[in-house]
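Peer 1: Sequence:
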Amino acid sequence: MDPRVLINYYLRKGWYDHVQRLCEQILEKKGSDSAILFWRAFGIVLERSYSSAIRELENLKRTGRDVELPCLHALVYAHSQCKHVDHDEVAQLELQLVMAEENASSASLMLCATFFWHLNEHAKARKILDQLLSTSGKSSSDGALRQRALILRGWVDLTVDTKIKREADLRDGSIQFFDQVTDRKDAELVLGMAKYFDLKKTYPRALEFYDKLTVQFPWFKHSLSEKALVLLKMGNWDQCMDSVERALSENSRDIEALRIMILLLLSRDGRARDAAERIRELLETLKRVEPANPELFCEISRCTARVSDRDSEVLQCSLGLIEHAIQLNPESGAFRAERGYQ
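Just so it is clear: in the sequence shown, position 279 is 1035 by the working numbering, and no numbers are missing.
Pairs of lysine-lysine residues, derived as PhoX-like cross-links and limited to a Cα-Cα distance of at most 25 angstroms, are as follows: (1) Lys977 to Lys957; (2) Lys968 to Lys989; (3) Lys880 to Lys769.
What follows is a set of in silico ranges between Cβ atoms, one per label pair, in the way DEER data are often shown: (4) His840 to Gly991: 46 to 54 angstroms; (5) Glu1033 to Gln1083: 21 to 29 angstroms; (6) Val841 to Arg1044: 31 to 39 angstroms; (7) Arg1027 to Glu1055: 17 to 25 angstroms; (8) Asp939 to Glu877: 25 to 33 angstroms; (9) Ser890 to Lys956: 23 to 31 angstroms.
Keep in mind that the hints were calculated from the coordinates and are not lab data. All of these numbers come straight from a predicted model, not from anything done at the bench. Every residue, glycine too, gets a C-beta built ideally from N, C-alpha and C.
The task is simple: from the sequences and hints, build the whole structure.
Peer 2: Here it is as C-alpha cells:
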C-alpha cells in the first residue's frame, strides 16, 4: 500500500476525514513519520479546525528540515483562513519562510509542491517541480525523486481548470510527463494515465488503465468506482452497475459507488423508493466517514435533488443532507440558498 496515492486521491475527492484516519492508521503501525503527520494536520486544516491544526503544525515544523517549509506554508494558509487573522503572526511566519526556503531538502520541496497542488495553486506547484526536475541528479535516490516529481508534474497540469486555451494546452500536454517515467509500476502513474484518457474522452483506454490498477494494486479499492464513472459516461449501464455492486461488496461505505448507484436507480430505472433508501444509507455513511465535511453533504444533496424528478421521498432525503450541511456550517449562505431551492 502506498499512502501517497491514497492521500492524494482523498484530497482530490475532498474527503478530509479519510485523510486523517488513514494517517492515524499508518502512525499506529509505523510510529512517527513527519510527512504523514503533515498530511494529518493538513486534513484538520481543511476541516476548518484551525486552532488544533496550528498547534500540530507548530510542533511539527521543529522536527526537521524535511517538513519545516511545508509546515510554514500550511501555517500561513491556516492563519489566513481564521475568522480573526493574527497579522503579526503571519508576518513572522513569512519571515521564517525566507530562511526555510534556503535550507529546504528535496523531500520538503516535494511536500510543498503537493500541498500547493491540493490548494489549486498550480503555478506555485509547477514552479517547485520544475526546479526539482532541473536539479535532480542520476543517483538512485535522485532517480526515485525524479520519478515522483514527473508523476506529480503530470497531475498538476492534468487537473488545471481549463477555462482558457493555455490551461487546456497544459492539460493536453500533461501526458508527456507521465510518458517520461521509466518505472511504470506506480499506482499514481497508472491512475494519472486513466484520468488523462478519461478527460480526453478516450474511454476504452481509460478502462484499460483502471483494469490495470485493479489487478496490479488490489489495495486501491477505489479503482472499481472510478471505472464505474467511466462506464456511466459511456452509457454502458449494465457494466456500470456491475462495477458499483463489486465496489460496494468490497466496501459498503464507498461514497462514490453509493452516489453512482443512486443516480442509476433514479435516471435509468426510475426506482425512486429504492433510491431514497440508498440516499438514507449514504447520509449515515457520510456521518460516519466524513462527519465534518459540510461541502460534501451539500454537493451530494444538490446532485441528488437535480435528478429527483421532484419525487417527494427523494427530495425529503436530499433535504436531510443539506440540513446536515447547514448544521455543520450555519453561516453558509450557499447552503441555505440550496435548501431554499429544493
